[in-house]
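Engineer: Protein sequences appear in the order of chains A and B. Heads up: the first sequence begins at 1 in my numbering, then just goes up one per residue. Heads up: the second sequence begins at 1001 in my numbering, then just goes up one per residue.
Derived by calculation from the structure, the hints in this document are not laboratory data. Accuracy of the hints is not assured; some may be wrong.
[Claimed, not checked] Label-pair restraints from in silico Cβ distances:
hint: 1; chain 1: A; residue 1: S164; chain 2: B; residue 2: E1295; range: 23 to 29 Å
hint: 2; chain 1: A; residue 1: S164; chain 2: B; residue 2: E1305; range: 56 to 62 Å
hint: 3; chain 1: A; residue 1: F161; chain 2: B; residue 2: E1255; range: 43 to 49 Å
hint: 4; chain 1: A; residue 1: Y166; chain 2: B; residue 2: L1290; range: 55 to 61 Å
hint: 5; chain 1: A; residue 1: Q178; chain 2: B; residue 2: Q1345; range: 31 to 37 Å
hint: 6; chain 1: A; residue 1: S218; chain 2: B; residue 2: Q1345; range: 54 to 60 Å
hint: 7; chain 1: A; residue 1: M145; chain 2: B; residue 2: Y1050; range: 53 to 59 Å
hint: 8; chain 1: B; residue 1: A1032; chain 2: A; residue 2: I115; range: 43 to 49 Å
hint: 9; chain 1: B; residue 1: E1305; chain 2: A; residue 2: G184; range: 55 to 61 Å
We put the CB at the ideal spot given by N, CA and C, even for glycine.
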Amino acid sequence: MNFELLTQLIVNGLIVGLLYGVVGMCFVLVYKSTQIVNFAQGEFLLIGAWICWALLIYLELPFIVGFLLTMVFMAVFGILLQMIVLRPMIGEPIISVIMVTIGLSIFFQALMKWIFGVSAQSFPKVFETESIQILGLNIEVAYLMSTVIALIIMVAFYLFFKYSKYGLAMRATAFDQQIAQSLGISVKQVFAMSWGIAATVSATAGVVIAMVSGVSSSLSMMGIKVFPAVILGGLDSIVGAIVGGLIIGVLENVAEFFDSQYLQIGNMYDIAPFYVLLIILWFKPYGLFGTKDIERI
Amino acid sequence: MSSLTMRPCGDFRTSYKQDNTIFETKNIKHVAIIAIAFLCAAPYLVDAYYLTLFIQISYLGIAALGLNILVGYTGQISLGHGAFFGFGAFASAWLNISFGIPVLLCIPLAGFLTMGVGMVFGLPASRIKGLYLAIATLAAQFILEDFFARADWFSGGSAGSSADPINLFGFAFDTDESFFYVALFALVFMYIWGCNLMRSREGRAFIAVRDHYLSAEIMGIKLNKYRLLSFGVSSFYAGIGGALYAHYLGYVSAEGFTLFMSIQFLAMIIIGGLGSIKGTLMGVVFMVFLPEALEGGVGLMKMTEWGNIPMVVDGLAYIKEMAIGLVIILFLIFEPEGMAHRWGQIKNYWKFYPFSY
């Protein structure tokens, strides 16, 4: 057994898993506060990464400025999306809501391909050094930055929901929309805000991934890979999303390791999470931390 | 079947049987029979191009009807229908090549094989619903896609597998004209079967599960059984559609059956109308003609002085994809009940034309 490779893969898995966790968190945020399952989450990553890339390449802005402009754009984009497309869908059956987000995902994916082409583009270099050695393991600086950013986002989420007025309003809305409304919380505003936050934070993850592996339409696969993570953690648990993300991140790398070393089946990296997903749904549909639905007639 | 449309004056129903006929009035029945008779003559009347479109409509239509039984009538969600369609295609070719079973027998057998696979993936459906089910079927889509690419013995791996044309008593249906009749027969047969299924005890149970599954369970409908059965029927239809597709093209490759295809199937039934058999066909026709219409439109634009924009002309493939996404969104926002509902409204409007009260 090749332990060195295994540890390297596990560390990579943890880093990628943290990013899954961040994207999953946005997913859970939207689901909790608006009851919408967002199949277009991956496109947020994609759009964010392309916009940032275009700002850096065509306008030749410094990274920080381009990055911040992308964030602003994505916040506005998310809010507008909610107002124009998803607001009319409130109260519609779940299949309609799912299909609207799927429609959005197809639309934006094709739009991005149309505007920016299908070939992958590499990001301009942000850091001087490519990778550094920590405890004998090779770690890319961008990954290190992604870890830091992911942790910052998580702490920010925690503080936001714990202490800020808006965070409390969002939690109240997630708990019960009618009660929140009767207490004077603008549910519309909360919905728009949660989409804005989800778009911005996902775009951050998109930019970070793009810095490591370039921008291409395959980035939107992240939005689908997040499902196993979110289901594993429980759909309505933010902590669950993070834990699920970490588990899936490690799992796909370990599956890849065993596959390349012993099994030789191939493509386990992409498929293993979905097998896990099916198994979870068979035995524990509400995940590790999710609340079980209790239905009354 | 639906009480939305107005019946002609004097057409009263006195029994449940009368209320439950496939065609609502005699006129509709006659129109349907005339339409089918006209279609039988189509190979002699219309261009070969329209025949290929019709064949496309028929195999997609069969699969889409299956999805509508699952989504529209039973209220489950499936994001893996494209993969089941592909499984049917590969299964039929595989049965034919490996076991030498005649093609005509392979098609229903492929349907049953797909039914089995669909029910395995539908197993979680008996416990979960809505969104969780959507994600479970999404997993099925990826797992099956991966299986197609890998299982050389079954699908020929990345090279794909070839499928013989349908052969009946030495006559091969290998041209568009001859296959047209096979497609027409299959389409009519499967649609009548679908209508009858929905009029039966099972069909009513599906609808009860959709409308209020807790009440349905209390009334003695076994939820697990009917959800699973619905999955089975839906995959069976997908398998038949896929098998027809395989034997029409003569070649199946693993690339076509992606998530995008599953989404297209969903788009068809949403555009046509969830829970409407007539609507399913409308939606399929719409979705088959949409890319053709776009192509024609861009072709016309290219000819004019102002319209020859290279970005539009080169990006046609992406515009087609975008149009599908856009159509889904627009229909869900403005006409969530689909074209079948709109059709009924238009009919009523003209029926009462000057006095619409």
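Engineer: Taking the numbered hints from earlier one at a time, note which ones the structure violates and give those numbers from smallest to largest.
Structural biologist: Going through the list in order, the structure violates hints 1, 4, 6 and respects the others.
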